[in-house]
Amino acid sequence: MASDTDQAVQLPPRARVVIIGGGVVGCSVAYHLTRLGWKDVVVLERKTLTGGSTFHAAGLVGQLRSSASITQLLKYSVDLYGKLESETGQATGWKANGGLRLACNNERLAEIKRQATSAHSFGLEMHLLSPSEAKELWPMMDVSDLVGAAFLPTDGQASPSDLCQALAKGAKMEGAQIIEGCRVTGFDIRDGRVAGVQTELGDIECEIAVNCCGIWARECGRLANVSVPVQAMQHQYLITEPIEGVTADLPTLRDPDRLCYFKEEVGGFAMGGYELEPMSWTPPDGIPRDFHFQLLESDWDQFEGLFLQAVGRVPELENAGIRQLINGPEAFTPDGSFILGESPEVRGFFVGAGFNAYGIAANGGAGRALAEWIVGGEPSMDLWPVDIRRFGEYHRDTKFLIERTIEATGKHYTMAWPSEEHESGRPLKMSPLYERLKSGGGCFGSKFGWERPNWFAPDGVKPMDEPSYGRANWFEHVASEHRHTREAVSLFDESSFAKYLLAGPGAEKALSWICANDIAVPPGRLVYTQLCNQCGGIEADLTVCRLDADQFYIVTGTGSATRDFNWIERNIPDGSDVVLTDVSMATAVLGLMGPLAREVLTQATDADLSSDVFPFATSRELQIAGATVRAMRVTFVGELGWELHIPSESAGAVYDRLMELGQLNGIANAGYRAIDSLRLEKGYRIWGADVTPDHTPLEAGLGWAAKLKTDTPFLGREALEKQKADGLAKRLVFFTVDDPEVVLLGRETIYRSGKRVGWLTSGGFGHTVGQGLGIGYVRNAGGVDRDFLLSGDYELEVACERVPAKLSMQPAYDPKSERVKM
Amino acid sequence: MDKLGDAEIVVIGGGGVGCGVVHSLCQAGKTDVLLLEKNETLASETTSQAAGLVGQVRTSVDRVKLAMWSVKTFSEMEAEPEAKPGWRQVGSLRVALTDERMAEFEQMKTTADKAGLETAFISNDEAKAKWPMFDFSPAKTVLWCPSDGYLQPNDLAMAYAHRARQKGAHLATGVTVKGIRMENGRVTGVDTSQGAIACDTVINAAGAHAWHVSKMAGLELPIFPVRHEYFVSVDAKGMKPELPVMRVPDASLYLRAEINGLLLGGWEPESLSLAPDDFENGQTPPRIEEDWDVMGWFIEQIAPLYGKAADLGVRSIFKGWPTFVPDGKFIIGESRRLKGFVMAGGCNAHGVSGSAGIGRHVVESMLEPLPSDYVRSLSPDRFLDNEWNSAKAQAKAKRIYETYYGLGH
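Note that the protein sequences, when read in sequence, are chains A and B.
Take 1 as the starting number for the first sequence in my numbering and just add one per residue.
Take 1001 as the starting number for the second sequence in my numbering and just add one per residue.
Hints are computed from structural coordinates only; laboratory data are not their basis.
Errors might be hidden in some of the hints.
Anything over 10 Å on all C-beta distances counts as not near chain B; from chain A, calculated [what the hints assert, rightly or not]:
hint: 1; residue: S130
hint: 2; residue: D290
hint: 3; residue: Y394
hint: 4; residue: G410
hint: 5; residue: K755
hint: 6; residue: T768
In silico EDC-like links for lysine to aspartate or glutamate, alpha-carbon gap of 16 Å or less [stated by the list, open to error]:
hint: 7; chain 1: A; residue 1: K411; chain 2: A; residue 2: E421
hint: 8; chain 1: A; residue 1: K113; chain 2: B; residue 2: E1080
hint: 9; chain 1: B; residue 1: K1030; chain 2: B; residue 2: E1242
hint: 10; chain 1: A; residue 1: K47; chain 2: A; residue 2: E180
hint: 11; chain 1: A; residue 1: K709; chain 2: A; residue 2: D694
hint: 12; chain 1: A; residue 1: K113; chain 2: A; residue 2: E801
hint: 13; chain 1: A; residue 1: K113; chain 2: B; residue 2: E1242
hint: 14; chain 1: B; residue 1: K1240; chain 2: A; residue 2: E125
hint: 15; chain 1: A; residue 1: K755; chain 2: A; residue 2: D793
hint: 16; chain 1: B; residue 1: K1396; chain 2: B; residue 2: E1242
hint: 17; chain 1: B; residue 1: K1240; chain 2: A; residue 2: E136
hint: 18; chain 1: A; residue 1: K47; chain 2: A; residue 2: E200
hint: 19; chain 1: B; residue 1: K1392; chain 2: B; residue 2: D1293
hint: 20; chain 1: B; residue 1: K1329; chain 2: B; residue 2: E1402
hint: 21; chain 1: A; residue 1: K95; chain 2: B; residue 2: D1235
hint: 22; chain 1: B; residue 1: K1237; chain 2: A; residue 2: E125
hint: 23; chain 1: A; residue 1: K113; chain 2: B; residue 2: D1235
hint: 24; chain 1: A; residue 1: K95; chain 2: A; residue 2: D79
hint: 25; chain 1: A; residue 1: K113; chain 2: B; residue 2: E1082
hint: 26; chain 1: A; residue 1: K707; chain 2: A; residue 2: E421
Keep in mind it's a predicted model, so treat the numbers as computed, not measured.
Just so it is clear, CB atoms sit at the ideal spot from N, CA and C, and this is done for glycine as well.
Using the sequences and the hints given, assemble the complete structure.
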């Protein structure tokens, strides 16, 4: 199916944007760029459009995903596909026949209910159905094992190739060029920026290159030394002959407990699934050069399990004629979310790849988001779940990539348990204290490749997670660690925190520009600050410690390691005389927290630790167990305490010394889940959840952490000043729920006097205050102020049920932070 | 299929009522119960064709309380983690188009108040807020009942069956009852297609076959199947499962959303019924042809409130044979004439919605030394003690159907 594209003879010498890859994603990016007014766009396709994964996609379009922001992108896809045919004159095969999602057990039903609440919170229609109602929509189903279902009337299906052609046509109508038969061989990179693309047919100068190469995306990235962690996986589905009873308006069907999906296909079904043990596709010499419009060999052995599950659901399938079992390679990622954004390694090098076999559903929204990112220079909304900066160096390791992608893909339809941890490829990065914590009963999870203790199992208890949508097995142990921290003293291994050093004569000036708060403080002071973008949105939330006139030590969250480094680096004004170094590995961090922390630390060091001499938010060097330790009096749990930054090689000795000296004070290990419930009681925000680029410090109640009272310019200042003058349309607030049976996880919808006004960004349980706790933003187009917020009755929708909640502008525990300043 | 052994109580008929009765018996501690359903699956006859509406607003306090008991049961079952009946407590609107109807509603509200059922008259604007696609300007008044709703009849039957089985009852399918054994004026057992079963009590919940089963016991009861139809449309704007149920008695209609379509049914002025011996015991009742004239009549009737009805495509038509009796009241309880033979039928199209309340009254009639006046008024003996003419009784039963929403019912 060739399209009328320009002949691959004359390459333009120059284009503003070169998109590499003529599949549905590449064409969508081209389409959206032209709609944003950027017409100087060239798409380079190696062979012919759709010849990679697009042509063999199954074509289901399901909007509901585990992340709310991805779901919102997919909502846009559906809007787009509805309009594309009339706009371009090219049929897309799009029909909104709806999507049915089944639940065969109560846990899955609980998951669906939470998803429904989430969907409702941003206007995505999703109805909960009983088994009989589900059968009415899909009479050929056996519903004897169903406990419930959900129906999304706006879901649907499309014809992948037609959709791609429509997007291509739409892009060309507005001036884009699509060149087939042109293979990219390299990139021209100057001073860390894209300057051009090299091809078999010649070179093109350009400002922006966009890697939409599907299963070749990693290979393409390598040409620019950009890491693109995608892995080709085999994905199969079969097509049957026409079956009586199958009508054109039959909704798509997803049966995650049986790992399979169904779609009407010319009077029969396309039926596929996500087996628990999927197979990767790793040809020994890489993907063959001429692999094009090609499928892999059908593997009935591999598919058999899925087939039997599907027959259990649709008995007619057993005797249906099978036309074909299609096995095509698809690009999957190590965490199941696709990849978008400007690479941290090379400016101007963008990526839109790794769609985990839902590229047909995602390309509309993802193409638009990527185009907006390219044109705007930054993401147009919070896209952290799919942001390319979420990966680390460890994702460059092929073995890890394959193993983790296999694990993530095998979990595509399994329950997405709250707090579930991956297993493959672990342990990867371990703090020096790993073995000690393990023998202390540590139950580990991983973040950004780091092994981190989530909780500690007392003697006789197995350090293993048993996840649940209710109270999980670790709940009481976390409660114990939580209370111990508030009443005695705990030791937290926080070594996985990212740490940078910004040094040089220009450091203060550069950091002053980048940070919203005033960091021009005397040496030894700590400053909690946000880093804002031009719109005032919070790109990072971190702590800066001034070491001396020309040196600043920056500490931020584990998962933000690549992103925050990249943000700071890219926003250092040109010509600044500074060097930014990542020192995360060299330093271990121990958090000694609790009212008895001083009692313990005082025994370990000679220094005067009294508040007069060593006040809160300051840093001093201490000698502990023969090591020089940077002791920072800062806390993320809201008690008296110190974050001890220790040279890695001495971490063990310091830990042993503190544990020994703290015996009489009852010192004990505590883990990350306790940190989360402790910080929730204190209302401390977490970046990526409570504060994101979609929120400003003023909206987040962090206006006090911005230097608006000074005259000093900083990135985002204008936007914040304007917002201060105009007033806020949303504001962060705190919620408490008294009913102990209610489990808050985050994402619960907030209702104010019966009207939907927002959702929780964080949810959990405060073990000291004994209440369910939530953080969220209350929105009102007409403006949000104290009076508005404090009047009104509030409810939270938890798994489709409304529960009463109380709003406060203050955190539940120690709102004046007296404990911290003891 | 559950085993077929002797049991203290045999229930004949595995629809919403039969299963509801078994459930109530189990709740009252009577678990040595065997239910026999002639089809291969429970709830596959009239129950499967029911619309599932559950309305509590009635003309007598006893009747309101029976419905309230059902709602209470459905809500409790829905709140449990397993085997839910698909109960949606979306509330209901009762719309009056005439002054006489308004007066009737006022009386119904008084009855509701006495029974402790919350209802309220709401304005046309408030009604429109609940059903934005409808035009309420013809409405004289609207009575809102927040605790009404609808459920999925098949799911309800399964919900009863699941809980009954957990308590030790047995429910067997694919078993036809061919005869009732009696000795000295009392029931001793049943003959089935799978052999004889000894029992002390037989409960007749056989729906459209209730007349046949009564005949097996030597009793003739005026139970007449009357055809009832309703349709479900293709997806229509604004329809979603959370919308309240609506009844428009002056138009002889009821409606609700069925997922994203409109479910619309009513009581046509010329009904179609069967004489009980038009078909044999053990045979399925006669097949029903869709009556498009009747569907068309429903659409005409709803037009003043919903003009778009005429444009709706019909996706499926439901048709069944609910049974009606000449005085329009349930037949519940034991007859003096045959100890151990208990009726649970003649539901006048309230079998599914009344099932829990019916079950409760059946148990009351069996176990209470002095059942209430209301329960005693439902006894089959009210027919057996008097002569009645089959043709006249059938005509009366049809009238009950046709004047379902008749003023003063």
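Taking the hints in turn, this is what the structure says about them:
1. Its closest Cβ contact with chain B, about 3 Å, brings A:S130 to no more than 10 Å, contrary to its assignment away from the interface.
2. Consistency note on A:D290: stated as away from chain B, and its beta-carbon is indeed over 10 Å from all of that chain's, at 47 Å minimum.
3. Every Cβ of chain B is farther than 10 Å from the Cβ of A:Y394; the closest lies at roughly 41 Å, confirming the non-interface assignment.
4. For A:G410, the requirement that its beta carbon stay farther than 10 Å from each beta carbon of chain B is met, with the minimum near 28 Å.
5. Every beta carbon of chain B lies more than 10 Å from that of A:K755, the smallest distance being close to 13 Å; the non-interface claim holds.
6. Every CB of chain B is more than 10 Å from the CB of A:T768 (nearest about 31 Å), matching its label as outside the interface.
7. Proximity of A:K411 to A:E421 is assessed by CA-CA distance (about 11 Å); at most 16 Å being required, the pair is judged to hold.
8. For the suggested pair A:K113 and B:E1080, the alpha carbons sit about 15 Å apart, so the restraint of at most 16 Å is met.
9. A C-alpha spacing of about 37 Å is found between B:K1030 and B:E1242, which places the hinted pair above 16 Å, so the restraint is violated.
10. Distance hint between A:K47 and A:E180 is fulfilled; the C-alpha atoms sit about 6 Å from each other, no more than 16 Å.
11. This hinted pair does not check out: A:K709 and A:D694 have alpha carbons roughly 23 Å apart, beyond 16 Å.
12. Proposed proximity of A:K113 and A:E801 is supported: the alpha carbons are some 9 Å apart, at most 16 Å.
13. Pair hint A:K113 plus B:E1242 holds up; C-alpha atoms about 15 Å apart against a cutoff of 16 Å.
14. Under the criterion of a C-alpha separation no larger than 16 Å, the hint pairing B:K1240 with A:E125 is consistent with the structure, at around 9 Å.
15. Note on A:K755 and A:D793: the hinted pairing holds, with a Cα-Cα distance of about 10 Å set against a maximum of 16 Å.
16. Between B:K1396 and B:E1242 the CA atoms are separated by roughly 37 Å; this puts the pair beyond 16 Å, and the hint is violated.
17. Pair hint B:K1240 plus A:E136 holds up; C-alpha atoms about 15 Å apart against a cutoff of 16 Å.
18. In summary, the hint linking A:K47 to A:E200 is supported, as the alpha carbons are separated by about 12 Å, within the 16 Å threshold.
19. The hinted pair formed by B:K1392 and B:D1293 fails the criterion: a straight-line CA distance of about 26 Å is larger than 16 Å.
20. For the proposed pair B:K1329 and B:E1402, the alpha carbon gap of about 15 Å is at most 16 Å, so the pair holds.
21. For the hint pairing A:K95 with B:D1235, the CA-to-CA distance comes to about 14 Å; that is within 16 Å, so the pair holds.
22. Our distance criterion of 16 Å between C-alpha atoms is met by B:K1237 and A:E125, whose separation comes to about 13 Å.
23. At roughly 23 Å between alpha-carbon atoms, A:K113 and B:D1235 are farther apart than 16 Å, so this suggested pair is violated.
24. Proximity of A:K95 to A:D79 is assessed by CA-CA distance (about 11 Å); at most 16 Å being required, the pair is judged to hold.
25. Proposed proximity of A:K113 and B:E1082 is supported: the alpha carbons are some 15 Å apart, at most 16 Å.
26. Among the hinted pairs, A:K707 with A:E421 is inconsistent with the structure: their alpha-carbon atoms are about 39 Å apart, more than 16 Å.
Checked against the numbered hints given earlier, the structure breaks hints 1, 9, 11, 16, 19, 23 and 26 and satisfies all the rest.
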